[in-house]
Structures are given as C-alpha cells and as structure tokens.
Amino acid sequence: MTHEQPPEELTRRVLRIIAETQRKDPAQVTIDSSFEELGIDSMDGVNIVFALENEFDINVPDEEVKSIRSVRDMVEGVRTLVEQKNLQGDTPSDPAPAAS
Amino acid sequence: MRRVVVTGIGVICGVGNNREEFQKSLQEGRCGVGPITNTECLDLRFRNGSEVRGYDQNDHFTPKEADMIDRFAQFAVVAAREAVEQSGIEWTDDLRENSAIVTGSCVGGQATENQGFWDVYKMGKTRVHPMTIPKTMANAGASAISLEYGITGPAFTLATACSSSAHAIGQAFMMVRSGMCDVALTGGSEAPFSYGILKAWEAMRVVSPTVCRPFSRDRNGMVLGEGGAMMVLESLDHALARGARPLAEIAGFGMSSDAHHITQPSAEGAAKAVRMALKDGHIAPEQIGYVNAHGTGTTVNDITETRALHLAFGVHAKQLAISSTKAMHGHTLGAAGAIESAAAILALSSGILPPTIHFNECDPECDLDYIPNCPRTADIEYAISNSFAFGGLNAVLAWRRF
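Protein chains in written order, with our numbering: chain A, 30 to 129; chain B, -5 to 396.
Only chain B is shown next, with the shape it has when bound in the complex (with noise of 0.2 Å):
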C-alpha cells in the first residue's frame, strides 16, 4: 500500500479567506462568530453565526459562473483553487484521467432551494428557476471542480451530516493508497444559512444564542458556520518524483455507527473510530499529542467526547493536548472535518497547537486538557481530528507531521 501526502490545502470560512488568515487566526485564538447577515433571522432565538466576511463571488467567478454555482459549491472551488495552486500540481492530460474528486456536504446548495421554495410556497410564483436543482445537489462542488480543471477520474460527494467532509478525505485516501488514483482533490463545504434552514435547528435547540464554549462548563451550544476546505492527497512517490513538498502525511482513517441513537451520541462508537484510526495507521495511542476535538459546544457532545478519548487512549488520555476549533469557525457541518483536519495539519506543521477559545470554567465531567483560551508551542508528531455526525456516523483522521 502506498503512503499518502497532502501537498496542498486550501480554506475558507469565517476566520479566514484562505490558508494564510485561517492559519493566523487559529494562532491568535480569534472568534470568526457574530450576527448572521447573510439571511433575515427574525423570529430566531439565535443571532449568531460564523460567516465568511467580506466574500465577493464577482472576486473568484465571472458574472455567468456565479450565476450557475450555490456559494456552499463557490467555497469548495476556491478552497480547490488554493489547494491546487499550493500543491504546484500542473495537469496533463493523464494525470486528468488519473485524479479523483472526493467532496462532502451535509445540506448542498439550501440557500437556492430556500429561495426557489419561497417564491412558489409563498409568493404565489408559478415557476421555479431553472438552475435550482443543479445549484442545490450536495455534488455540485465536486462537479464544479472536474469542471474547473477537467479532471475525468472518479468524482463523487459524501453525505454523512456533521462527518460528511471527514469521511470524504478518508475515502480519498483509501483511493490514493490502493493506487486506485495517483491524485485526489478532497475536502468540503457548507453554507448553512437560510432562514428554513435556521428555523429546523432552532427547533432542535442545540444552537448557543451567544456563543460556542467547547469543554466550557457554562457552554449552552453550538454555532453553525460555514466555508469550506480542500487539500490536494497524492501518493508520496507521486508527489516526491515531481519535487512536490508534503505538508503531512495521513497516517490513518477509521470508522464506526454507533448503533444506539439517532441523534444522541455514543462514547463507545466514537472510542472505536479512534481505535480504528490509529490501528489503521499503526500509531500507539502515546504517540498523538493533539486532538483537534468534534467538540461542538452541546452538554451532550463534549461529556460523550470526553469519555471517548478516556476510552480509546487510556491513561494517555490525560497526556493529550486538546482543542476544539469551532470555538472560532463554528460548527460548519459537512465541511467540519475538513476545515478541522486543516486547523490540525497547520498545527502539526507550525508547532503551534490552537485554543479552545470561549472557555470559562472547568466542567467535572470534561476532564481533560483543552487548551484553554491561549495557544500553546508544542513539538508533535501525530495528530487526530474527530467528526462524530448526526445518525451516529463517526470519521477519525490521524495526520503526521512530515
């Protein structure tokens, strides 16, 4: 089986436009979160979101382009365009033949759906415009990427809620490493903001009407996001023969299904994802020094991923350092992972290890080290990053520094 490097990342969401202000703002510790402008909210009970700020399409599609592409599929092609650029690939003909297209969303295009729903629903319009269900479909990033380069290998979208965009690096990993693709671009993306949208997760009341305290005691929720990421994977060889730099290598991917609750998560089915990842990767669980954490913010979610990492690392549990992200970015749903594995690959790579910002007060039931509001430097070799989804569907990616 081949190893399998990452040569190129690119990110956007609401503390950076790209790479470089994603990185600096994790660094600095800085909330990407305020008063969501990109729809009415209304009668909502919450306010606030993390969005990408100060996004022009006019800046990265022309006019017609823009006019063809829901913004949840704009953030997966300009995270592709960095990541490419990054990466130095130059395509040819064969390597179009041979690259894949993983991509992950969680609700696609819902911003055009909202809008072509209200004009019949409500306005009494009589049509709907043309372009709304392929603006709407979950694979219209990935489309829009194959389009954007002419890749013709395999491309396809995963759809597995809040892990959506980690089970999608994990498969294009998988890919890379069997030789099935010498090259895969994968990633995701989300822009969750509509008011329909809002509505169904305020009726959940999982959503903090301030803002997101991971691990924190007084925490009272998540805050949605949006943006998206994208990282160029190719094989080791692949990328070395054509003097490509690794930025890391994936290491290990495992998966689990809790089995036990639609929405309630499951200690013992995350504890097993992380299990698989590092066997996967043949990591002993002393060699992960960071956990960028799923780490949304809910009573539930934190205490259940707590006693996940006590389960799979044991007394090393206590030795990790820990931090959840969404702090600053929000919860960007099927683009978590990906967002997340980024923040973990820059932090293995620059040494410096992001904070869980917001945190207030230790909580006896989250027990560990949670990087609590201040960046640390720390010299490590392994990192995961976890996405326990909606439905139970678990993703845990092992990055290694390279």
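Chain A with its partners taken away, still in its complex shape (with noise of 0.2 Å):
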C-alpha cells in the first residue's frame, strides 16, 4: 500500500471498482457520472462502499454513505479516509470474533 497516491490513480481505482461492482463497460463510468445515468440505487451504492473499503483497507461510517449521490462524491469520500489513515499509520486489522 502506498502512502502518497497521486490522485490520478486514486480516481482510475474508484471507477474501476465501480464499473466491475455494477459489471459496466470501465468507458462509461467517469467521475461526472451520476448515479442515475449508471442505473445505481441504493443497495447498489452499499455494495460499491464494500469494494472500495477492501481495495482501500478503509471503512466508511454509514452516515457518510447516506451522503453519497455521485461518483465524484465517493472519489473524494475515499481520498479523505485514505489520507486520515496515511495520516494515522496503518489501522490494526480486524481482531477475531470468539466462539459463542
């Protein structure tokens, strides 16, 4: 994982995980995009979060997801929590559930 990303790249990794999550042609998702005119609803809009966090190593509080409405919106959502953890060092991974 590198620490300083150019932005560029940063951008190109949202939409590809954009185009594969809503399985499109990677041409057609720009970061000027809407969400309507990729046909993505809600539910698809949670599932997209879920790719971005495993190929960011973040997580996104629910609030924020809720304040999501374009492309461009997840793009910079993302460059601020890759940041804030560039920032903080690398977050522990997850610990391990017990056994109930």
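For the record, the hints were derived by calculation from the structure and aren't laboratory data.
Everything numeric in this text was worked out from a predicted model, so none of it was measured.
Ideal placement from N, C-alpha and C gives every residue a C-beta, glycine not left out.
Hints are not guaranteed to be accurate.
Keeping only pairs whose Cα atoms sit at most 30 Å apart, straight-line, the calculated DSS-like set for lysine-lysine is [unchecked claim]: (1) B:K312 with B:K18; (2) A:K95 with B:K193; (3) B:K119 with B:K58; (4) A:K114 with B:K193; (5) B:K58 with B:K18; (6) B:K116 with A:K114; (7) A:K53 with B:K193; (8) B:K116 with B:K193; (9) A:K95 with A:K53; (10) A:K95 with A:K114; (11) B:K312 with B:K273; (12) B:K193 with B:K119.
Here are some chain A residues the structure puts well away from chain B; computed CB gaps all over 12 Å [claimed, not checked]: (13) E37; (14) E38; (15) A48; (16) E49; (17) V78; (18) E92; (19) G106; (20) T109.
Residues from chain A that face chain B, not an exhaustive set, calculated with beta carbons under 8 Å [what the hints assert, rightly or not]: (21) F79; (22) I87; (23) D91.
Both chains are sitting in their own frames, so use the hints and assemble them into the complex.
Here it is in structure tokens:
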C-alpha cells in the first residue's frame, strides 16, 4: 500500500471498482457520471462501498454512505479516508471473533 | 367457508418472556433494546439488540432436550406451550390427526450453524457436531412442536424473510377456513444473534447504532430482535363446541409481491396486500382502527409504508392509529409477523393501543398518526398487522375483536 498516491491513480481505481461492481464497461464510468446515468440505486451504492473498503483498506461510516450522491462524492470520500489512514499509520487488523 | 378464531397466544421476546409481560410492556411503552450479550460484538458498528432477558433453557427443557433444539426453535416451543395452555385444548388422537403446525423463520438455527462453521473454518477442528443440521433447519421449531404434542397433521415452515410468520399464520388460517384442519398452531420464531449474521446485517447499513425510531424524522435504522410468538387457531364452531373463549377472529389475509427490487420496498406492492386483506375479510377501509405497522425505522421503509397506507386507505389513512412496536421488541425478522399480530390482538382485546416509542420529530414524508410515545385507549373493532419483506414479499393480516 503506497502512502503517497497520485490523485489520478486513486480516481482511476475508484472508477474501476465502480465499473467492476456494476458490471459496466469502464469507459462508461467517469468522475462526472451521475448515479442515475449509471443506474446505481441505494443497494448498489452499499455494494460499491463494500468493494471500495476492501480495495483501499478503509472503513466508511454508515452516515457517510447516506450522504454519497455521485461518483465524485465517492472519489472525494475515499481520498479523505485514505489520507486519514495514511496520517494515522496502518489501522489494526480486525479482531477475530470468539466462538460463542 | 368457516370462520377462524384465535383461542390462545404465547409470546417470548425482548419485552416479555410470556404473554402477560409482553402485553404489560407494550402498554407501558417499555424499550427492550440494550447491549447484545448472547454473542460478542467485537468490531461491529452496532452494539444494541432486543434479546430475551433472563432466559434459561433449563427452565423449559431437560438438558437432553435442550441439546437437541437451537434457541430459535426453543422459543417456538415455549410460545406454543403458552398458547396451547391458554386455549385449553385437550389433545385427543382425532384432534392430533386434524391439527396443523405452520411456522415461519427467516434464518433458522444461525447460532448453531455459526458455531459449527467457526469450529472447522477457524479453529481447525475436523468435525462439526452431528446435531448441526437438525438444529439449524428452519423447520426445527415446527418439528419440535409436533413432537411435543404428538400432532400428526400437516406441519411445515415458511421462509419469506421478514414476512415469514405472517405468511405462516395466513397459510394456517386458509387451512382451517377451508376445513382441511380443525386446529392449527402457527406463528414463528427467530434467534439471529450470532457474529456472522450480525456482520451481514452490518454490511447492509440498515441497523441503527442506537435505538429504533420508527417514523421519526431522526430515525437511523432498525434494531434486530429475537423471540417467538405462537397462536392456536381453530374454526369458530370447533372453539365454541368445546367451550373455548375466542380472543380474536382472523378476518382476512392479503399477500402480494412487489416485482420491483430485491431490497427496496414498493408502496404499490404493500398497498395491494393491504387491499387484498380487506377484500378477503369483506372489510371497508373505514372499519380499520389500528395498524401495527411493519415500521422498521429505516428511512425508506417508513416513507414507503406511509405512502402505501395512503394508497390503500385514501382519506381514511389520516384517521388510522398506527404504531410500530419494533421500537420496543426490535425487528425479530421471521418472528415479526407473529409477535406483531399478537400485539395487534392484545390491543384490540384490551382497548389499549401500544405507542411508537423513541418518536422525536415529525417527518414531512411520514404524515400519519403514529401514536407517538404514549399508549392510547381506543375502542376498535378491526386492526391489521403489516409485514413487508426483503425480496418484495408482503403479507397483511386483518384481525377482528371478538
């Protein structure tokens, strides 16, 4: 995981994840695409955020997800969380659940 | 077609380990939501659920029996015993042959399955407990009840996510109404608190980190709950012939599927199920006084359900007293339709409508009367209980005071 990521690279990765998750031709997905154009509904949005969390090793709070309205929101949101992560260093890995 | 009545109700859930406690809690607007203790929450973004408190399986089952039955199925048996006891039914060989069992469950014995998979996937064990399959199967509750009473008539389980036990009660209703059976034990149960399934709910981003505030503008999601409710249904003639006192009549049942989206609800689909329940029971919209709403406390459900009530009831929608008791006992998934039907029946018979607790502020898109925070006295003849499941499967039961 690089700590100094060129913005274009991050944007490209987010667009790729959106295209992959939505099973779309990557050429169709641009930073200016609206969710409507891409046919993204709220469940799709949750699925994309799940893929972004895995791709960037970040955690997106529920409240943030509710406020995402566009591809650009997603890119900016990921950028902010990646920057926060880089400032704090690597987040500890998830604790293992105990059998109950 | 025969009239069908309820002669016994049993409930166990986060606001009461029996029918009386449940009714008292509903009438007091008591919240049964708190930190989940049945399983470790670890990294979960939510901590709260509505658990059955102080439940000791040894109070209800021998150790050998308890080993054979998952918590969710135990709840079905415990509720069925209470319902049967209240009904006063005495089992004869003939009645055992002519009785049905129809239960609903969404996730079955999740905790048992979780434990078995944990052992092999994580702990490196090479074998899973041999009771894992029979404890996990969704029909374990129905089977345990049939063993309990020796009932040999039709017995099965329906799984329609959050509508499961509403569909189950509706199915049992149709079987008794048609004359296929004289008596049916029906309802549902759920015990969804295990780490894996809670992670799956977390991923959907519909669970509140705090409490469930149905129809309130500041609502932020559902809270999961566990429990069960069972009822004894029988034909009116059968009940009267044995001197039983009916608690309520099932007046009508309506079902529909949205054919719209796998998780997003549809107002038209829900409204259709409401209309069909009224039509089935020959009930005019103006006769319905109380609605026990699906009311999950998610942004989308509560708006859509409000729209559905407008569509189905027209101008009468504004006159309806509506509440979501999920704010108290949580969303019990496959048990929800049964627990909330019990709440509707107890509201009709007692004349006290349970409130929607944790209601803070009006939402312009939820513009009906949700009985905010305080219970209400009302003399009502008909109520409906709404269940609208993921997958777009809707079930609405209409109840009549007896």
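Cross-check of the supplied hints:
Under the criterion of a C-alpha separation no larger than 30 Å, the hint pairing K312 (chain B) with K18 (chain B) is consistent with the structure, at around 28 Å. Between K95 (chain A) and K193 (chain B) the alpha-carbon distance is near 19 Å, which keeps this suggested pair within the 30 Å criterion. With a C-alpha separation of about 24 Å, the suggested pair K119 (chain B) and K58 (chain B) falls inside the 30 Å cut-off, and the hint holds. Restraint check: the Cα-Cα separation between K114 (chain A) and K193 (chain B) comes to about 23 Å, which is no more than 30 Å; the hinted pair holds.
For the suggested pair K58 (chain B) and K18 (chain B), the alpha carbons sit about 33 Å apart, so the restraint of at most 30 Å is broken. As the CA atoms of K116 (chain B) and K114 (chain A) are separated by approximately 28 Å, the hinted pair is consistent with the 30 Å bound. For a cut-off of 30 Å, the pair hint linking K53 (chain A) to K193 (chain B) stands: about 28 Å separates their Cα positions. Pair hint K116 (chain B) plus K193 (chain B) holds up; C-alpha atoms about 16 Å apart against a cutoff of 30 Å.
Restraint check for K95 (chain A) and K53 (chain A): the C-alpha separation of about 23 Å stays at or below 30 Å, so the hint holds. With a C-alpha separation of about 21 Å, the suggested pairing of K95 (chain A) with K114 (chain A) holds against the 30 Å cut-off. A threshold of 30 Å between alpha carbons decides the hint, and for K312 (chain B) with K273 (chain B) the separation of about 20 Å falls inside it, so the pair holds. Pair hint K193 (chain B) plus K119 (chain B) holds up; C-alpha atoms about 23 Å apart against a cutoff of 30 Å.
Every Cβ of chain B is farther than 12 Å from the Cβ of E37 (chain A); the closest lies at roughly 29 Å, confirming the non-interface assignment. With a minimum CB-CB distance of about 27 Å to chain B, E38 (chain A) clears the 12 Å threshold, and the non-interface call stands. Remark: the non-interface label on A48 (chain A) is consistent with the geometry, its nearest Cβ contact in chain B lying 21 Å away (cut-off 12 Å). Every CB of chain B lies more than 12 Å from the CB of E49 (chain A), the least distance being 18 Å, so the non-interface label holds.
Once the 12 Å rule is applied to beta carbons, V78 (chain A) is inconsistent with being away from chain B; the minimum gap is 8 Å. Its closest Cβ contact with chain B, about 8 Å, brings E92 (chain A) to no more than 12 Å, contrary to its assignment away from the interface. Consistency note on G106 (chain A): stated as away from chain B, and its beta-carbon is indeed over 12 Å from all of that chain's, at 14 Å minimum. Every C-beta of chain B lies more than 12 Å from that of T109 (chain A), the closest at about 18 Å, which supports listing it as non-interface.
Satisfaction of the interface hint for F79 (chain A) is found here, the shortest Cβ-Cβ separation to chain B being roughly 6 Å, below the 8 Å cut-off. The beta carbon of I87 (chain A) comes no nearer than 14 Å to any beta carbon in chain B, farther than 8 Å, and the hint placing it at the interface is violated. Annotation: interface hint on D91 (chain A) holds; nearest CB of chain B at approximately 5 Å, less than 8 Å.
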